[in-house]
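Trainee: These are the residues of each chain, in order.
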Amino acid sequence: MASNNLMVGLEIGTSKICVVVGESRTDGTVKILGVGQAPSRGVRKGEIVDFETAMKCVHEAVVDAEQKSDVMIRSVYVAVAGSHLQSFNNRGCVMLPEDRDEIDEQDVEDVKSNAREVSIPAQNAFLHSIIQHYHVDGQDGVLNPIGMSGQKLEADFHIIHGMRTRIQNSIRCVKELPLEVEDVVFSALASAQVVLTKNQKDLGALVIDMGGGTTDYVLYTDGAIRQSGCLAIGGDHITNDISMGLRIPMARAEKLKIEEGSCILGNCLPGDMILLKDDSGFAGKEIERETLNTIIHLRLRETLELLKRRLDEESYLNYLGGGIFITGGCSLLNGLDYLAGEIFELPAQVVHAHTTSGLTSAVENPQFSTAIGLIKYAQAVQRDRRPRRFGRIFGKFFSGIR
Amino acid sequence: MIQLSKSYSLPDSVEDFIPIKIVSVGGAGLNALDRIVLDGLERAEVVAINTDVQSLASSVAAHKVQLGRNVTRGLGAGGDPELGYQAAVESSEEIREALANARMILICAGLGGGTGSGAAPLIAQLAREAGALVLGFVTLPFSFEGKRRNAQAREALDRLDQFANAVICFENDQMAEIVPPKAGIHQAFASADMLISQSVRSIVNVIQRPGLIRIGFDDLLAALRRRNGRCLFGFGESDSDNRAHDALTQALKNPLMDRGRMLSDAARILVHIAGGPGMTLSEVEVLMQELGRHVNEQTQILFGTAVDGRMGNRLSVTIISSLAADGDIALDGVTSLPVAVPTPSIWEQQPQPQTSVDSVPESIPMPEPPRVPPIDFAPIEQEPPIAEPAPPATSLSKKAESSSVAAQGRSAPVKKPNPVEEKLPAKQEVLQFEPVTRGRFEKSEPTIVEGEDLDVPTYLRKNIKVK
Numbered sequence: 005m006a007s008n009n010l011m012v013g014l015e016i017g018t019s020k021i022c023v024v025v026g027e028s029r030t031d032g033t034v035k036i037l038g039v040g041q042a043p044s045r046g047v048r049k050g051e052i053v054d055f056e057t058a059m060k061c062v063h064e065a066v067v068d069a070e071q072k073s074d075v076m077i078r079s080v081y082v083a084v085a086g087s088h089l090q091s092f093n094n095r096g097c098v099m100l101p102e103d104r105d106e107i108d109e110q111d112v113e114d115v116k117s118n119a120r121e122v123s124i125p126a127q128n129a130f131l132h133s134i135i136q137h138y139h140v141d142g143q144d145g146v147l148n149p150i151g152m153s154g155q156k157l158e159a160d161f162h163i164i165h166g167m168r169t170r171i172q173n174s175i176r177c178v179k180e181l182p183l184e185v186e187d188v189v190f191s192a193l194a195s196a197q198v199v200l201t202k203n204q205k206d207l208g209a210l211v212i213d214m215g216g217g218t219t220d221y222v223l224y225t226d227g228a229i230r231q232s233g234c235l236a237i238g239g240d241h242i243t244n245d246i247s248m249g250l251r252i253p254m255a256r257a258e259k260l261k262i263e264e265g266s267c268i269l270g271n272c273l274p275g276d277m278i279l280l281k282d283d284s285g286f287a288g289k290e291i292e293r294e295t296l297n298t299i300i301h302l303r304l305r306e307t308l309e310l311l312k313r314r315l316d317e318e319s320y321l322n323y324l325g326g327g328i329f330i331t332g333g334c335s336l337l338n339g340l341d342y343l344a345g346e347i348f349e350l351p352a353q354v355v356h357a358h359t360t361s362g363l364t365s366a367v368e369n370p371q372f373s374t375a376i377g378l379i380k381y382a383q384a385v386q387r388d389r390r391p392r393r394f395g396r397i398f399g400k401f402f403s404g405i406r
Numbered sequence: 016m017i018q019l020s021k022s023y024s025l026p027d028s029v030e031d032f033i034p035i036k037i038v039s040v041g042g043a044g045l046n047a048l049d050r051i052v053l054d055g056l057e058r059a060e061v062v063a064i065n066t067d068v069q070s071l072a073s074s075v076a077a078h079k080v081q082l083g084r085n086v087t088r089g090l091g092a093g094g095d096p097e098l099g100y101q102a103a104v105e106s107s108e109e110i111r112e113a114l115a116n117a118r119m120i121l122i123c124a125g126l127g128g129g130t131g132s133g134a135a136p137l138i139a140q141l142a143r144e145a146g147a148l149v150l151g152f153v154t155l156p157f158s159f160e161g162k163r164r165n166a167q168a169r170e171a172l173d174r175l176d177q178f179a180n181a182v183i184c185f186e187n188d189q190m191a192e193i194v195p196p197k198a199g200i201h202q203a204f205a206s207a208d209m210l211i212s213q214s215v216r217s218i219v220n221v222i223q224r225p226g227l228i229r230i231g232f233d234d235l236l237a238a239l240r241r242r243n244g245r246c247l248f249g250f251g252e253s254d255s256d257n258r259a260h261d262a263l264t265q266a267l268k269n270p271l272m273d274r275g276r277m278l279s280d281a282a283r284i285l286v287h288i289a290g291g292p293g294m295t296l297s298e299v300e301v302l303m304q305e306l307g308r309h310v311n312e313q314t315q316i317l318f319g320t321a322v323d324g325r326m327g328n329r330l331s332v333t334i335i336s337s338l339a340a341d342g343d344i345a346l347d348g349v350t351s352l353p354v355a356v357p358t359p360s361i362w363e364q365q366p367q368p369q370t371s372v373d374s375v376p377e378s379i380p381m382p383e384p385p386r387v388p389p390i391d392f393a394p395i396e397q398e399p400p401i402a403e404p405a406p407p408a409t410s411l412s413k414k415a416e417s418s419s420v421a422a423q424g425r426s427a428p429v430k431k432p433n434p435v436e437e438k439l440p441a442k443q444e445v446l447q448f449e450p451v452t453r454g455r456f457e458k459s460e461p462t463i464v465e466g467e468d469l470d471v472p473t474y475l476r477k478n479i480k481v482k
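Protein chains in written order, with this note's numbering: chain P, 5 to 406; chain G, 16 to 482.
Since the hints were derived computationally from the structure, they do not count as laboratory data. Computed from a prediction, not measured in an experiment: that's the story for all the values here. Nothing false has been slipped in among the hints.
Straight-line C-alpha distance at most 25 Å; calculated SDA-like pairs for lysine to any residue:
1) 480(G) - 277(P)
2) 268(G) - 278(P)
3) 268(G) - 257(G)
4) 458(G) - 90(P)
Generate coordinates for the entire structure from the input sequences, incorporating the hints supplied.
Mentor: Right, here's the structure in full:
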């Protein structure tokens, strides 16, 4: 462990690659030292499709971050996303031997591996096993059983798994740079760490991270993750729709979406036109604002409704006291919170990472929630690691991936 | 002998001067008057009329009239229009005196209370008797002020209508639209006052300003001739680089214009464009062309323009028109999507059984998700669907959809025949056989969910025409 507790988060996104350098302080807060970015090419829908190009872009981002924060980056926490990621809840059970009735750490480890004994597709590997609650001898809702007496220890876990090869793609891309990969994290999980407060997690909250290539989501009730997943629809799809619908090139469509786009219908005057100024100086094209908004609205509505259908498979949506929190690049689209509120029938708001200290302007942009979340996750991991330095660490996180 | 003036400036001969008086009645009216005077009003006189002497004393008007010396004795009318009326009757001689020597009288009042609602109609009557053109600028109370007050306001409006040539009403509920949500409440009221003041001043300017193409009384009368009709008013001013466009946009966004939606139904529109000496013909052209897009082809546009040195860099557009209670022009070709939630105006419009496109026949089977009503309507029994069962579903749906958007469509909501997930009108027209290319997603794996390839644009898959 470096003495200055440097942590670096790397997000290989579809629209941008982002590296956030942070430092963990003794009082538990995290200070952001610098943020490096680079436009991303070679990544589509959250997954790397062109290895060489992606590597170059990651390199650019890392160099940028090193310059801005004035540190050498050696190892990173990597965020992954992609439609191949799936999740489910499972319960593990461990009986204590007769001679002992106090639960210790080994039992907790055992129950976790027991929970993982579920058949997942052969090409998949476990990414996360996140504890929800423990149950000791039938007593529910135990948060920390170590030290308690009991015969039977059960635990509910939320397990996220994904295709081994795809996850390894991201890892290899980083390793070739060369950089060490400390850990691989599901991106919505990372975002949730900085976007939600503990209170909100207890009340129940849904975090939707709408990025360029994917829409990831994670749902908490009673402080524990219940559902998570990833849809391979993102801002790129909206841009593509606009580009095809209005017959303009992608770059223009992107600019149009960012500057003038809105997903609220009926807000414009009937003849309201947007003038697309041509670079060459000719009078550009004129399009109706309502048309643009319709295209955006349709796509977003479909995405959110799809998400809702997925979440409705379990009934956790009914238990959300905190509402919906939208983050990610797409959340900057005008009116998305209204649309989400309408579809889910819950209060929805657009949020960004909570300010810790350091660079606030970076923190306040929803595009960086995931990368900043990685730092927070890293901090939590290191805090857990410190008492157990001796070897079991990597087993916890990397089993199945290497 | 003919005398030529040395400096050939724009003609402003005294004989053409049309005396205009602005008469404010009641507490709200006096507030608006103070605002008007504050903003600067030339070429018109102001008169303040109220029962409450205290408010009269603090008004900045030069000419003041107290109503009901014996009836109300210097106090207000207490929210009772009857009392306001009596007070006005008692002081009718003084009112007549105040109204004399004016060819156009603008009455400002806030309806719902006592003095404004009670006295304004009488003042309008006296003004008409004096031979002037009477224009009313009134505000209608908030809906939260209760049924009684709103009913009183409506009644007063009806009576005022009988005597005034035209009435422009501003609903206080719309105040929320003109201020940012976090603004203090005094700012909200101040904005409402500013709106009224702007309207009043621009009308005065339209009449008084020396013009290249003059808009005279007769034009104004013609534009506002309709009885019992809603008056639309829009005013915009801008000095930006794109000022013609910005001024027009501002004018159309004016709450008194109802955001330009009803403009397409007006029979006659009066447009006055004023600017400094730097105003160009192309600006005027651009503005009129853009305006033309919002109005019907058959609408008669009365156009006037003036060059006023004092405008400097600013360009202003004033749009006045009236909408009759019964549809002036048959509606067609209005293709905007149904808008969400305008609070229905207090003005009760007669339902239009005559216009053939008004009702949406539910019996016509529509294969695509049918169009959807605007949100807050209580389902009313439909008038029997008129005509046209035969024509193809597409053209009918287009007409049906267009009718619902127009103001008259307010009284004709639709019942959805089938439950529909998306709340959009399916502009069901020709199916687009676009080449289904993957575009940006060529290299990646298609996102297939529930049998559909989600990489294909949503609007294509749902067959909604977007151009």
